[in-house]
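Student: Take a look at the letters that make up each chain.
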Amino acid sequence: MNTNTSAYEQIENYLSGRLSASERIAFELAMDSDGGLAEEVSRQRLLDDSLRIYSSRTKLKNRMDVFHAEMEAVEMPATFKVDRYSLRVFWKKYLPTMAVAASVALITVLSTVLTINHLRSLDNRQTTYYRQLKREIDSFKRATSKAISSAASTRVAPEMRSARYSATGFMISPNGYIITNYHVVKDADSVYIESVQDSIYRYKVKVIHREPGADLALLKIEDRSFTPLRRLPFALSTKEADLAEPVYTLGYPGDDLVYNDGSISSHRGFDGDTSAYRISIPVNPGNSGGPLLDESGNLIGVISGKNTAAEGTAFAVKAKYLMRMIEEIAPDSLPAPVMLPRKNYVRELNRRDQIKKLQGVVFNVRVYKSGV
Amino acid sequence: MNKVAFHTEGELLSAIQRGDQQALGSLYKMYFPMVIHFITQNSGTEQEAKDIYQEAIIVLYEHTQEEHFELTCKVKTYIYSVCRRLWLKKLAQKSRFVGRIEDFESFIPFTRDDSEAEDKDEQFKTMKVAMDELGEPCRTILEDFFIHDFTMQQITDKMGYTNVDNAKNQKYKCLMRLKKIFFSQYRGS
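Taken in order, these protein sequences are the chains called P and S. 1 is the number of the first residue of the first sequence in my numbering; add one for each residue after it. 1001 is the number of the first residue of the second sequence in my numbering; add one for each residue after it.
Don't take each hint at face value.
What the hints assert, rightly or not - Straight-line Cα separation of at most 25 Å, SDA-like style, residue types lysine to any residue; simulated pairs: (1) P/LYS59 / S/ASP1132; (2) S/LYS1173 / S/ILE1108; (3) S/LYS1074 / S/MET1030; (4) S/LYS1180 / P/LEU46; (5) S/LYS1158 / P/ARG63; (6) P/LYS93 / P/SER111; (7) P/LYS59 / S/HIS1063; (8) P/LYS204 / P/TYR192; (9) S/LYS1094 / S/ILE1108; (10) S/LYS1168 / S/CYS1138; (11) S/LYS1171 / P/SER42; (12) S/LYS1180 / P/ALA7; (13) P/LYS93 / S/CYS1138; (14) P/LYS92 / S/GLU1046; (15) P/LYS93 / P/ASN117; (16) P/LYS186 / P/HIS118; (17) P/LYS356 / P/ILE107; (18) S/LYS1179 / P/GLU40; (19) S/LYS1128 / P/TRP91; (20) S/LYS1029 / P/GLU72; (21) P/LYS59 / S/GLU1133; (22) S/LYS1089 / S/CYS1138; (23) P/LYS239 / P/PRO282; (24) P/LYS61 / S/GLY1160; (25) S/LYS1076 / P/THR58; (26) S/LYS1173 / S/GLY1160; (27) S/LYS1128 / P/VAL41; (28) P/LYS59 / S/GLY1019; (29) P/LYS59 / S/LYS1076; (30) S/LYS1090 / S/ASP1119; (31) S/LYS1029 / P/HIS118.
In short, the hints are calculated from the structure, not lab data. Given the structure is predicted, the values throughout are model-derived calculations rather than measurements.
So that you can see chain P by itself, here it is in the shape it has in the complex (with noise of 0.2 Å):
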């Protein structure tokens, strides 16, 4: 152990440089003869500077823990740190993914809308330029009955059930077939049609068909009390009209019977409808499902709409639309045929006289439907 010990301490000074010369020489020399020692000092070189290496490696790197911890403790607590990494690593991956899967579904969506919204105006288009002529009369008519009963306020008013539309029909068939608008009739509960003219008088109707394409429904007085009527004083004519042919109508915007007159101004009603006229006619709303008569008393159309970008210009479907529909309808579904109108009785009188004769058949139609 002694020796050992020595001998280290020898090989160690040796390496180290702490031999004076003649003391190294004779080391080298001993080396030079035992080649145990020279392995010996070689091992033991190769320690030392492995040792060296980690030593110095070890240290640096104590420090840069050091430094790495500073620069943390900077940056963020602990903590948060390995969630932000992992959130920019996680970002910085699936952002172009992400990019690409919001664009489609953002494209998808805004397509469909669009493509919705597209349809949508394609059937709505009373909403845009197309205006149906039933006349809402709710509000005037809640208005009042709350006028009333703040006015009785000691007691509570009945909840009256008021109309809720208000337009114009007339009689297509002497046994109590009416002619209205099928948007007038669309989604009611009852429906009556009153009379001011010859006499008062109010009938409950039954829808009896409903046309949505040609925008007709055919109704039917139920009313016990209804006496069917000789004759109808106009005939039905399916001949297409000329234009700038006068026609008139008679219909109820108020609640009083009004006379329009006007011409034919195109074969082709709203956005190249052929199955309705143009027509300049002042129409309001209420004139909708009104007769369109020409000059000689004719039923040539019922009025429908008006164009509200447009100033005169109303629509009316063509009297050939009403007979198809009349014609299509199954006889066995029908509570009684309709016997349409072929003889005009009113072919020569004036007009004035005319309008005496038909303000009897135009009726004041009206919409009762439950709910707001």
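Since chain P is already given, all that's left is putting chain S on it; use the hints.
Tutor: What follows is chain S alone, placed relative to chain P:
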């Protein structure tokens, strides 16, 4: 914190060469974000990034300690290139390499004298293994002496030896044991 103490890379490097701790610290903090980005983008973790980065800094530091030290590119490029090479090696070891490295910086193909560097790495790794296997109290004594630069007197006091000679004797025994382990590990011999 971010005092601009070094205006050029040359100044920074010569300060590091002199052993300036502040210079080393600011260098360390400067390029870590770049490396963590590179590693985490190439299927590495934050811890792996730290290890690789510290290895690269060691390479740079040891390079500054060489006699004819000269850097032919920017420090950033140097560090990036070293990290890139080290990470490729690591990926190959883990066989996790997915075929393509996503690069974020320009880099230089590495032409360091590899045999010498590998010798050094081998010595370091073997020594680390040997130290780990050494066991207490030898490990503490040797680490205190070689790494923490304790004097024999300090070690005597710390470990509770009766005198310095006892401590020296213990250190000698420990060294002999380390030597034995070291050479049993070194180069697989």
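Student: Could you run down the list of hints and mark each one as holding or not?
Tutor: Now for the hints, and whether the structure bears them out:
About 16 Å separates the Cα atoms of P/LYS59 and S/ASP1132, which keeps this hinted pair within 25 Å; it holds. This hinted pair does not check out: S/LYS1173 and S/ILE1108 have alpha carbons roughly 47 Å apart, beyond 25 Å. Annotation: proposed proximity of S/LYS1074 to S/MET1030 holds, straight-line Cα distance about 13 Å (limit 25 Å). A hinted pair counts as satisfied when its Cα atoms are at most 25 Å apart, and S/LYS1180 with P/LEU46 qualifies at roughly 13 Å.
The hinted pair formed by S/LYS1158 and P/ARG63 meets the criterion: a straight-line CA distance of about 23 Å does not exceed 25 Å. For the proposed pair P/LYS93 and P/SER111, the alpha carbon gap of about 29 Å is over 25 Å, so the pair is violated. A distance of roughly 16 Å separates the Cα atoms of P/LYS59 and S/HIS1063; the hinted pair therefore holds under the 25 Å criterion. Taken as a hint, the P/LYS204 and P/TYR192 pair is honoured in the structure, with Cα atoms around 4 Å apart against an allowance of 25 Å.
Annotation: proposed proximity of S/LYS1094 to S/ILE1108 holds, straight-line Cα distance about 24 Å (limit 25 Å). At roughly 12 Å between alpha-carbon atoms, S/LYS1168 and S/CYS1138 fall within 25 Å of each other, so this suggested pair holds. Pair hint S/LYS1171 plus P/SER42 holds up; C-alpha atoms about 21 Å apart against a cutoff of 25 Å. For a cut-off of 25 Å, the pair hint linking S/LYS1180 to P/ALA7 stands: about 16 Å separates their Cα positions.
For a cut-off of 25 Å, the pair hint linking P/LYS93 to S/CYS1138 is broken: about 48 Å separates their Cα positions. For the proposed pair P/LYS92 and S/GLU1046, the alpha carbon gap of about 15 Å is at most 25 Å, so the pair holds. For the proposed pair P/LYS93 and P/ASN117, the alpha carbon gap of about 38 Å is over 25 Å, so the pair is violated. For the hint linking P/LYS186 to P/HIS118, the alpha-carbon distance of about 23 Å falls within 25 Å, and the restraint holds.
A hinted pair counts as satisfied when its Cα atoms are at most 25 Å apart, and P/LYS356 with P/ILE107 does not qualify at roughly 62 Å. Under the criterion of a C-alpha separation no larger than 25 Å, the hint pairing S/LYS1179 with P/GLU40 is consistent with the structure, at around 11 Å. For the suggested pair S/LYS1128 and P/TRP91, the alpha carbons sit about 38 Å apart, so the restraint of at most 25 Å is broken. Straight-line distance between C-alpha atoms of S/LYS1029 and P/GLU72 comes to about 10 Å, which keeps the hinted pair within the 25 Å bound.
Between P/LYS59 and S/GLU1133, the direct Cα distance comes to roughly 20 Å. Compliance with the 25 Å bound is thereby established for this hinted pair. With a CA separation close to 33 Å, the supplied pair S/LYS1089 and S/CYS1138 exceeds the 25 Å bound. Among the hinted pairs, P/LYS239 with P/PRO282 is consistent with the structure: their alpha-carbon atoms are about 24 Å apart, no more than 25 Å. Only pairs whose Cα atoms come within 25 Å are accepted, and P/LYS61 paired with S/GLY1160 is rejected, the gap being roughly 29 Å.
Among the hinted pairs, S/LYS1076 with P/THR58 is consistent with the structure: their alpha-carbon atoms are about 23 Å apart, no more than 25 Å. At most 25 Å may separate the alpha-carbon atoms for a hinted pair to count; S/LYS1173 and S/GLY1160 meet this at roughly 17 Å. A threshold of 25 Å between alpha carbons decides the hint, and for S/LYS1128 with P/VAL41 the separation of about 22 Å falls inside it, so the pair holds. At roughly 12 Å between alpha-carbon atoms, P/LYS59 and S/GLY1019 fall within 25 Å of each other, so this suggested pair holds.
A distance of roughly 23 Å separates the Cα atoms of P/LYS59 and S/LYS1076; the hinted pair therefore holds under the 25 Å criterion. Between S/LYS1090 and S/ASP1119, the direct Cα distance comes to roughly 18 Å. Compliance with the 25 Å bound is thereby established for this hinted pair. Of the pairs offered as hints, the one joining S/LYS1029 and P/HIS118 is violated, with about 59 Å between alpha carbons and a cut-off of 25 Å exceeded.
Against the hints set out earlier in the document, violations occur for numbers 2, 6, 13, 15, 17, 19, 22, 24, 31.
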